[in-house]
Amino acid sequence: MTRIILDKQAVTAPTRNTSNIMLLVLAALVPGIAVYSYVISPIVVINALVAMFSAVVFELLAVKLRGARGWPAVQDGSITVAAVLLALAVPPGLPFWQLLVGVFIMVMLGKQVYGGLGNNPFNPAMVGYAALMISFPQNMTLWFAPGELHSAGFVSLIEAKLGMGQTDIGSNKVWDGVTAATPLEQVRVWRLQSLDDNGNSTALSLAFSASGWLWINLAFLLGGLFLLYKKVIQWHIPVAVVTSFTLLTLLLGQSQIPLYQLVFSGALILGAFFIATDPVTAAASNRGRLIFGSGVGALTFTIREFGGYPEGIAFAILLMNLCVPLIDYLDRRPD
Amino acid sequence: MNEWALILLTTVLVNNFVLTQFLGLCPFMGVSRTLESALGMGMATSFVLTLASALSYIINQWLLVPFELGYLRTISFILIIALVVQFTEIIIRQRSPMLHRVLGLYLPLITTNCAVLGVALLSARQHDSLIEAVVFGFGAAAGFTLVLILFSLLRQRLAGANVPPAFKGNAIGLITAGIMSLAFMGFTGLA
Amino acid sequence: MNTLLNTLATRLGFHNQQPPFSFHGGLPLNPNKRALGESIVEPPLPPYLIIPLINYAKQSLTPTVAVGDSVRRGQLLAAGVVAPTSGKIKAIKPHATIHPDTLAVNAIVLHCDGEDKRGNPSASDNPQELGGASDNLSRLIKLRSSGKQSQMQQLVDQFALSGLGGAGFPTAEKLLGNTTPVKTLIINAAECEPEISCDEALIQSDAIDIVKGIDAAVQLSQCDQCIVAIEDSKPAAIENLQSALKDKPTAAQLMIIPTRYPTGAESPLIECVTGKYIPHNQKPTDHGVVCINIATALALWHALDNAPLDSRVLSLGGQSMPNPCNVRVRFGTTVNFILHSTGNNSVVNDHRIRAGGPLSGFDLQNLSVPITAHTNCILAEPRVEITDAQACIRCGQCADVCPARLLPQQLHWHAMADDLNGCKQFQLDACIECGCCDLVCPSSIKLTETFRYAKSQARFRDTLELKAVAAEQRFTEREHRLEQRALARKRAIEERKKTIQSSSEPDREEIKAALARARAKRQPKQSR
Amino acid sequence: MSFVIPFLLVVFALIATGALLARLSRTNTSTDKNNTSAMIEQVNAVLPQTQCAQCGYPGCRPYASAIIEQNEQINRCPPGGDKTITDLSNLLGTPVIPLNNECGVVKPPLVAIIDESVCIGCTLCIQACPVDAIVGASKLMHTVIQNECTGCELCLPPCPVDCIELLTPQQTAADWQWPRPA
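Residue numbers (my numbering), protein chains in the order written: chain A, 1 to 335; chain B, 1 to 191; chain C, 1 to 528; chain D, 1 to 182.
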């Protein structure tokens, strides 16, 4: 008869366990995915499902190799959340085999090599994303303007992603008309073009609201607020990320884009509410989370404004994961 | 003034000597087991690098270039670095003998450290003023120390993770260093 | 950063200025005080009592009585331990005790003769006439002010006053022993852990004696102000206390504090009452604050009235206890006897019997273990499968509820990696083992058990270090002694050698003469 | 021919730097000495002080000075077990190496007990005990002070009547430890 020391069941109703938390995060992602698949393309749902399925398979394989208890180790669902985040972060047109490579790296290098959930210092989804970004740069910046894909037809896109059908679909007429990558990529291109001879940029109004990115980010914001309300995440990281990003944009930002368009574009909201708040790889104390969040916001701004990549949030989160042991070391006194 | 800031930014972040140019990896892996040794090594390398970068610039501009002795650059730089390293070793042996013992082999190893020699050779060729060479040397050292400290704290935390036995020790260290350089790739193209 | 926020908040008036202040963390738990009935049940005397010979600091005590002696109730059996009833000492042998591992400790087995005669406690040593409670009190205060520590300690020993609260710290030492003046004396009637209602039952039954006890404690500790802290979920007890306090207003004021687990623990209670958070490496007495349990105050009064502490009230509760109640039993009564005498024996075999509350207690493996001053509750719970723990995702919910303001996820990380220095960095010794972190952990990790394990490892490592230092000292002293002895011997040999060489000439002549005589004597023998 | 002068220049530079380095590295011995003794103290503080000489040195301090001065291996201390090896490796920056089994095997802490009926009072064990934990006089009864004995087993060999036995100390309530949760 197992001997119980602290009798938790006698005092509290069963609390929410880790698997419920992960389900809540998945539920919070649904509005974002819905708007994303409506505005851009429903392919993202398939991407997410493929990523989730392959992530679970890889994790079962890794857990068997590691000799840990098979199914329960995967049951906590943390890898499925990471897989969906990766699927959302990569462009919808990414061929499936590259997505699988990303998921493999995410599961193996991002999490299992460190000994499973709770031991990894880096956010697995971002490790997968960064590895993809560096190994397939061309495909990874191949985004579509809203409404662009509807004309291309859903099935031909699936074939292109599987590498069957017209092999060079990547470059044939269906896609050669690629006008806008994420607004940010486009913003940089236009800013450079629109610089007149003495270097100050002319006013630039982007038919922004027409593009769906604003709505996608608002949907993710809705999901994020739901997580906050359900106390799955604390407010410190998202607030810190957004405030530090906005402050720096106001102070140093050169592009004339109105602030709200910059904040609600690319993956800043998705990153702030879903990716940076992964508790395993974020700082431990509330004070540490504020520092961590403001670091992510600042780095995202720097990489977006001066860096080479359009979307800096992935690298910002990885870089701040790198500094988490330093933040925890300096923050040893209980606040 | 912002000229130097730019050099500093590029050497510390954009092409960080350890994580982007993969120079000076052996002390990076060898000394990063505890924070104290990482700090000690960081300080020692910074001192050596800044001094060596300055001296090698001087020797190069006033001795080698006027006499077209370019081919002597490597040997003379190694000499300078050896001199500075010996000087640092004496100071460390006096000030904190335990740190001297903990660093042990890695202190004289700075002389043959590819990052140190790399900085000396690069600063001699690229920069056209002594101040720039010194700032370049200091930037490289600061980048090295920053990454070394972060890596040692990360490894101390990983000591508690249940890493599979096959990966324990240096294996997980190398994988983590790999992911760190993956993260630093984000800075490419920065300015 | 946060202290900055706090000061800013207080200046802007967010934090309420007057007590009761709020403390960091804690959980609102359902009190479910099943055991609280109209009155306290008094079961009959058991056939035998088992009195463990161990003090608060877990050191074993040497008994002052032998096997076969017959003792009276209140007679001193060992330092700070009195006989709970009159009877004969049957045996002094190791016996299982209430302990997570039912550790066997040397204990006195006392067969009760049923008369329960109270003998003159100090009949054996110096005869003192039996004064009433008030003159005992005045004698104690005189002794304390005149600084005669030993006599005071001897008198206090007879009261056998060990704390009845959770920790069981010897009360006399708290009240009399502290050097710094006591500014605030807090009488802890919070009793915040679910199921436990023994203090509340005591207040409902004899509040008048409690107030006398509080008054005595106030005089003994010479404190500036005394506050009785009680949770607002105990209306009947509050009413009793208020009416009892009316006739002795100078003694103490009553403070109603919000019901929130663990207000009853020392550091949250002090913060709740005085608004001051005692950092983990300082003791409350350094800040002039002393906390004693309300049952201990009552025991103080009875002790002064020549009835040393030999019994206590404890709650019988738990989901599957047939008739839960508060029961007053003598120390040494076994759990088995209590359950049988209160009609709860049906739960004995197919239920889990626990000693202590649901959060501070543990499952008992053997029920014939004696009650001591620290047992405040016996629970009967159904057998249940424990959900096995998932991985810690460092979500930080435990850090939000920790009353000691710690980071349990970091402590758990270092404790499971057996990195005691890491645990010390995150102030593990400040952990009050209240169990709040366990309750909120989504991965249901046994955090409190991990911290108890790490704390006992750290304590054990410290004792080893002390032993090592002592051993090293003895080793160097021995080396030094052997060296000195060898040196002394060498010097002595040199002196003797010197005296031989430098001896003056005449001695040499005598030696030569003696040699010649010896030779002469031998000559004639050979010629024969 | 034009490379002769620079060649001589370089050779001269080499000799000059070598001389300068040699002069610089001859530090005065006094500071060196009290540095090493400070380091010996630090190493000695980590060792378990059982003075059992299983490491081949007549006590913990001699082993500590051997580690510092003759670079002795850090895995020769069986009573210290893995804890001492990890502490020494963190202190000195050398890698963690498994215990050297020639010096002995890790045993639970033991305490010596003299069987009084057999002891003849020959004081040989008293002289052998490195920490003076045995009390007694010649031809009088000897006994071991329980909490001062470090379990070093040095009193066993000299005893002519083999009356000393090694037992695990009886666990008291004070040093009971909570089990490690699963």
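Simulated from the structure, these hints should not be mistaken for lab results. Heads up, a few of these hints could be off.
So, partial list: chain C residues that the calculated Cβ filter (under 10 Å) puts toward chain A [unchecked claim]: (1) 169; (2) 170; (3) 384; (4) 386; (5) 447; (6) 499.
Even glycine gets a Cβ: it sits at the ideal position worked out from N, Cα and C.
To see whether the hints hold, each was checked on the structure:
no. : hint : result
1   : 169  : violated (23 Å)
2   : 170  : violated (26 Å)
3   : 384  : holds (6 Å)
4   : 386  : holds (6 Å)
5   : 447  : holds (9 Å)
6   : 499  : violated (70 Å)
Hints 1, 2, 6 from the earlier list are contradicted by this structure; the remaining hints agree with it.
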